[in-house]
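Order-wise, the sequence lines are chains H and F. If you want the working numbering, it's the position in the first sequence, counting the first as 1, plus 17. If you want the working numbering, it's the position in the second sequence, counting the first as 1, plus 263.
Check each hint, because a few of them may be wrong.
Over 10 angstroms on every C-beta distance to chain H, these chain F residues come out as not near it, computed from the model [claimed, not checked]:
no., residue
1, Gly300
2, Val462
3, Ile515
4, Val516
Partial selection, computed: residues in chain F whose CB lies under 8 angstroms from chain H [to be verified]:
no., residue
5, Arg331
6, Ala332
7, Pro346
8, Thr359
Computed footprint of chain F on chain H; a stretch qualifies when at least three of its residues, placed anywhere within it, have a C-beta under 8 angstroms from a C-beta of chain F [what the hints assert, rightly or not]:
no., segment
9, 36–47
10, 115–128
11, 290–296
Hints listed in this document are in silico derivations from the structure and should not be mistaken for laboratory results. Beta carbons: idealized from backbone N, C-alpha and C, even for Gly.
So the chains spell out like this:
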Amino acid sequence: MFNNLKHSLKPALRLEMTESLRARWFMLYALVFGGIVALLFAFGLTESRILGFIGLSRLLVTYIQLVMAILPVFVLISTVRSIAGDREAGVFEYLLSLPVSLAGWFWGKFIGRYLMVFAPVFVAMLGAALWALVADIEVPWTMFLYYTGLLASLSLCFLGIAMLISVLARSTDIAQGMAFLVWLFLLLFLDLILLGVLIQEQVPSEIAIAIALFNPLQTFRTAALMLFDPQLIVLGPAAFVLFDLFGTLGYKVFALVYPTTIGLVCAFLAYRSFRRGDLL
Amino acid sequence: MIELKQLSKQFRKTPVLNDINLAVADGERIALIGSNGAGKTTLIRCLLGEYVHDGTVLIQGLDPRVERAHVLREIGFVPQLPPPLRMSVGELLRFTSELTATPEGQMTTIADRLGLDMARVRSTPFSKLSGGQKQKVLIALALGRQCSLLILDEPAANLDPEARHAFFDLLAEQTTDRPITLLISSHRLDEVAPLVNRVVEMDMGRIVLDDRVADSVSLDGKLAVRIVLSRAEPAIAKALGQWGLVADDASIVWAGQIASPDRLRFIGMLSRYIGVVKSASIEES
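In isolation and in its complexed conformation, chain H is listed as follows:
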């Protein structure tokens, strides 16, 4: 079994990457993230001094907020579209008629797509850091590394969810609809929207905070905030609960581990369902 996996994983991974490189979603995706960094530089964000943030920190803070808005929906929609679309168009029928192991095929596709999803986001950020070095702007490497981890974790989380939706939905339309609903659902449970309403309606604060903690988007957002607002003053009293529960370091670790776990659990469920059901 492991021999089959080993034999099939590499070709499937390379196939996913080459297919993605030729796909329009990837060009648009790479363009969006590269474009964001270019625009942030062009608008002189590194020279601005807003709320005490200057240099690359300011750029990274803005970038991570934009990524949080764009990356999940982009990963969800592009992944379910291309996977469900390939299945409908007969790509799976042909490629799965070749002697590729299902584990090799699935995990090769998963890892290949993960690299393609994460690479543009990271390369854009790395490009900003390198440019800052050239322009003699100080680079906050600790922040850079933690953001890289957060982005890796967020990408994995939404890729896992997207893979699960792709396997469960039998058509592109249904898969897209489900992906959009998941994104909308998580968006509604951000503190700005539904949590605000919950608190206004006198729902116990523990429930509101629990909902926030279960939402990977909110987890990511809070951890990103923590880097430039270590006391999480913007969160108000909720911050005390978080610090009591996790501590600063504990929350930072939680924000990396929790979305990663969601992504991996969803990916394993997707693989199990894929292996046990009709492949097409």
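Given the structure of chain H, go ahead and fit chain F onto it with the hints provided.
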């Protein structure tokens, strides 16, 4: 080679395959025919281990669902509709070569014989090829491997007469060297009749006919053809030219050779211009 016992498959509550029992010996050449919705494609997908099902599917004694990689190494498959792959022909060749442990050269040689210059299209995305070129690539990938079972879904539908001739020659070579089992799916028996020695017809998910046919048409045989027209006519001239026939100066007498398994297809083409055909002779060469 193939053993199907009480094979049934349903999508939601709709039965698509209904209690199929079929045994296929090594070296048999089977036409799987039936109208749209008869269950041919579902049966093929069960053979390829792509669907879960009730009943048993065994290929050389192994379940393609369980021993997937092992079973599929023995199967060459050509789908009716080429998949819209974005990867280049070279990447597809490499992918297939790696998974099947077949040297790329073997598959390239088959493509050359089908009239496709692999070197020229190697960097072209597969989806950008013409229908005929895609079919040639897929046939080359299937026939270039040392398979013991070939599953072909309307394999020659997009090929020109010359490529079809080469395809029949290749099938003949492969089935002569060792007992390869062929399963050719088609809507129409006349398209595949000369290639097979057994016909299995499906309707509404059941096998309604399982018959053996006289195995007198050789796959690599040729027929000498001579057509005399009552007058020169551009439309039939173009069609005959595409079949590789050569005309006299007045474009009245046409002669040449066609592949033996193509005889029904050729007569079908000729029947469309029967008004201008004065005489026709088709003889085994």
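Against the structure, the hints:
1. Gly300: Its Cβ never comes within 10 angstroms of chain H, the nearest being 16 angstroms, so this holds.
2. Val462: For F:Val462, whose nearest Cβ neighbour in chain H is about 24 angstroms away, the distance exceeds 10 angstroms, so it holds.
3. Ile515: 46 angstroms, holds
4. Val516: 45 angstroms, holds
5. Arg331: Where the cut-off is 8 angstroms and the nearest Cβ of chain H is about 6 angstroms from F:Arg331, the hint holds.
6. Ala332: With Cβ-Cβ at 4 angstroms, under 8 angstroms, it holds.
7. Pro346: Holds. Min distance 4 angstroms.
8. Thr359: 6 angstroms, holds
9. 36–47: holds (count 3)
10. 115–128: holds (count 5)
11. 290–296: holds (count 4)
Of the numbered hints listed earlier, not one is contradicted by the structure.
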